[in-house]
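Asker: Spelled out, the chains give:
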Amino acid sequence: MSSTVAPHAAAPRPDLPATDGHAVEPRENYLNVDYGWKSWLLSTDHKRIAVMYLITIMFMILVGGSFAILLRLELATPAGDLLQSETYNKIFTMHGVVMVFFFLIPGIPAVLGNFLVPIMIGAKDLAFPKINLLSYYIFLAGITLTLIAVAMGGVDTGWTFYTPYSSTYANSQVALAAIAVFVTGFSSILTGLNFIVTVHKMRAPGMTWFRLPLFIWAQYATSLIIMLGTPVIAITVALVGLERLFHIGIFDPTYGGDPVLFQHMFWFYSHPAVYIMILPAMGVMSELVTAFSKKRVFGYHIMAFSTLAIAVIGFFVWGHHLFVSGQSTYAGVMFSVITMLVAVPSAIKVFNWVSTMYRGDVWLTTPMCFAIAFLGLFTVGGLTGIFLGAMGFDIHVHDTYFVVAHFHYVMVGGMVTAFFGGIHFWWPKMFGRMYPENMGRISAAIIFIGFNLTFFPQFILGYMGMPRRYHFYPEEWQVLNVLSTAGATLLGTGYLLPMIYLPWSLKFGKVASKNPWGAKGLEWQIDSPPTTFNFDKVPIVTEEAYAYPEGSRHQREAEVV
Amino acid sequence: MSSVDATGLAHHFEDLEQQHESATLGMWAFLITEIMFFGGLFGAYVVYRTMYPEAWENGSKELDVFLGALNTTVLIGSSLTMALAVRSAQHGKNRQVIGFTFLTMVLGFVFLGVKIVEYHAKWEHHLIPGPHFMFEGHLGGHEELFFALYFVMTGTHAFHMIIGAGLMIWVILKAARNEYTPQHHSHVEMIGLYWHFVDIVWIFLFPLLYLLGRHGHASIGH
Amino acid sequence: MSGNQPHIAPIKLYLGVFATLIAGTWLTYWVALQDFGWLNTPLALLIAVVKATVVVLYFMHVRWQSKMTMVFAAAGFVWLLILFAFTLQDYFTRSWLPIYG
Ligand SMILES: [Cu+2]
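Chains as they are written, first to last, in our numbering: chain S, 31 to 591; chain V, -10 to 211; chain Y, 62 to 162.
For the record, the hints were derived by calculation from the structure and aren't laboratory data. Among the hints, a few may not be true.
Said to hold, decoys possible - So the derived label-pair ranges between C-beta atoms look like this:
(1) S:Met370 with V:Glu43: 36 to 46 Å
(2) S:Val363 with Y:Leu104: 28 to 38 Å
(3) V:Gly119 with S:Leu413: 47 to 57 Å
(4) Y:Leu158 with S:Ser115: 30 to 40 Å
(5) Y:Leu74 with V:Met40: 42 to 52 Å
Unchecked claim - When the alpha-carbon atoms are kept at most 20 Å apart in a straight line, the in silico SDA-like pairs for lysine to any residue are as follows:
(6) V:Lys50 with Y:Asp96
(7) S:Lys160 with V:Leu156
(8) V:Lys82 with Y:Ile72
(9) V:Lys50 with V:Phe193
Said to hold, decoys possible - Here are some of the chain V residues that sit facing chain S, going by a computed Cβ distance under 10 Å:
(10) Phe2
(11) Glu23
(12) Gly32
(13) Ala33
All C-beta atoms in this analysis are idealised placements derived from N, C-alpha and C, irrespective of residue type, glycine included.
Work out the full structure, taking the sequences as your base and the hints as a guide.
Answerer: Right under this line is the structure:
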């Protein structure tokens, strides 16, 4: 499969200083090779596109996060005082839409994946650089449409757009939001397509499938899900849009349509979409845990196969979202049983990360702090997922805060934590500067505490029966809700900190060496930041991923406090 | 940045073979998404047809089998000319590429023309779903749902053909500049793959929409 | 292509494929006019699948391409079946048991 061509050297650069040892003057790299707006906005360099995605996605976190803060402020008191019912509905919808489609789904693939996939497999760029740029602009178009929908009054259907409310009754900008989701889907399809072809066709000589870093396996599996699932939600929201505009009746019971069919088609994508969000995070985790335990990953093959298993089994379980929707009991039982199965590969991963850390030389840098936070939060999120997958229990807590807490533990506790861990880990590689280490550790601690304070009370609230998507509640639930709001404030602070000190470090951080962590992987063998074509000559891979020598200790470099 | 050399090799590939294989795999990956995209519609079709089999037969009988079969033939013909256009490109015969591609495009427009005639007839018979929909015979038999799916499915298919016709113009422009060589013709090949895919969708649409409940009836069409 | 010329199929083959597809169209039509009971639709689908396979193998050159392309081509259809099968298992079994919740 891999290209067995002789390595051909890129043009040597005798004019530039040698980079062995410490970088004295930054040699030409992808950041300083060219200046000006055009050189960024029209760049087909996967690294520049990754940086553009990073900036855009950070902006979307701020948008979605401020919606979240509004929600928690409203819920600080039992009465519906801060927001009107309708406004509240719109705010939680926009919170969901923005976070799911513009942060959780593209977050790791579009930023870290774009930056790292070619480098980790020893390629100069993704297979289709122009399509990569196109996907970014389609993403921007999706954002623009969403923001227009918000400006024109927003949507109040929930991010799930359930029919027949969305198609027949809602008086908000459903059609526009549907178009925005449709458009954004194409952006992720193009990214997924690019990754699949790149992993198949662009690997450096010697980079066999079972030498790939687990991050690449994760991106590959994610891309498969994107390719197979996204088109279905595209056509589904297109049908909702058509239904709204022309009343064709496909999901409308008065014409014989079945609203439950919408839910089938929606969740055929949207359950696997959960794995679009979490699989890349798991890929990041494997990199962090090995790098900071200085050990080979425990059970490489089983890790790779469990990644694929999650991607495949994830397509057979969507009906667990339909337990109370009028789906047949038989189908419910089927989906419930298969849902239990999908927990197995996820659990294998958690055990393997822990086993990797066991007797490792664990180095508690910021990324590792985030990784350990991930382990705790994802485990809680995953286990409560098994609760919810059990049909009997789900009927009791469906549509309560138990569900809200569960998916925030997986999505925010899992994906967002890994995202921040990954950003810190590869920050020196991306920008050639170290972030302030202690600030990083502090923010990781604040996020961990704030997160649990926000969402653990919601498990209890949900179990007691507090329904989601209401902006008022009986007074006896106020204590737990106030705790949750206080936690959200802390959590928000924790997320804001990196958004301040990371940009700060671009100018004031210490200059990073090629490999500040002493980590394995092709990305740590090239300059920080990398040159435009990443490698001076095509690397030849001769060892497995994570080939850390047995019993080695970290060479903790002075640049890291 | 994304520079291309004289043989058509982009900077980030090692050789033309790698580049060509990447294009092919990428195109197939894209076609998978197209399969799933139409798949959602076929899924809705299957569900509602099992729910309302009679409405499906009644609706199907309103469609014009002759025009449907004619269009099937036209589309298969266009697939043939498209395959021949790709074959010409493999030989580097750019003049032939122009000829076959133009023929493909013409056949595509014939198909769309026939489709307009059909849509117009549905309009006249009040078979467009919406406030003016009227179906003689069965009441509440959900024939409207059949026609909703008929229009969405054939409409989506027609939309893909219009895009395909646009791509043909691109091929013709490239061929006019003699850009296809025996070594480098991925472009027209990928567009060919797309066109054949559109043909395959119709191969399924024709029997599933036009040919239901036809047995035991002497009259064809109306 | 660096020592690896693409496979160029003879025109006769393409004409043969074309003839097969036209014949398939007539066959579908003929089948629709006969009363095979519940078999009518499966037969129509069978013919359509055969026609589609011919297009994929010859017009789309998959016959001469790497195994990976074949896997990709097949994967789309397999996933389509997953969508159909798991959606329909709900619709077909709704009358089996009362629905709770
Ligand atoms: Cu799910």
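Asker: Look at each hint and say if it fits the structure.
Answerer: Checked hints:
Separated by about 40 Å at the C-beta atoms, Met370 of chain S and Glu43 of chain V satisfy the suggested range of 36 to 46 Å. The beta-carbon spacing between Val363 of chain S and Leu104 of chain Y, approximately 34 Å, falls within the hinted interval of 28 to 38 Å. Range check, Gly119 of chain V to Leu413 of chain S: about 50 Å between beta-carbon atoms, so the 47 to 57 Å window is met. The hint said 30 to 40 Å for the Cβ distance between Leu158 of chain Y and Ser115 of chain S, and at roughly 37 Å that hint holds.
Roughly 43 Å separates the CB atoms of Leu74 of chain Y and Met40 of chain V, a value that falls within the hinted 42 to 52 Å. With a CA separation close to 15 Å, the supplied pair Lys50 of chain V and Asp96 of chain Y stays within the 20 Å bound. For a cut-off of 20 Å, the pair hint linking Lys160 of chain S to Leu156 of chain V stands: about 18 Å separates their Cα positions. Taking the CA atoms of Lys82 of chain V and Ile72 of chain Y, the gap is near 15 Å; set against the 20 Å cutoff, the hint holds.
At most 20 Å may separate the alpha-carbon atoms for a hinted pair to count; Lys50 of chain V and Phe193 of chain V meet this at roughly 17 Å. Interface restraint check: Phe2 of chain V against chain S, minimum CB-CB distance 8 Å, threshold 10 Å, status holds. For the restraint placing Glu23 of chain V at the interface with chain S, the shortest Cβ-Cβ distance is roughly 7 Å, inside the 10 Å limit, so the hint holds. With a cut of 10 Å, the hint placing Gly32 of chain V at the interface with chain S holds, because the nearest CB-to-CB distance is about 7 Å.
With 10 Å as the threshold, the beta carbon of Ala33 of chain V comes within range of chain S, its nearest partner Cβ sitting at about 6 Å, so the hint holds.
Comparing the model with each earlier hint shows no violations; every hint is respected.
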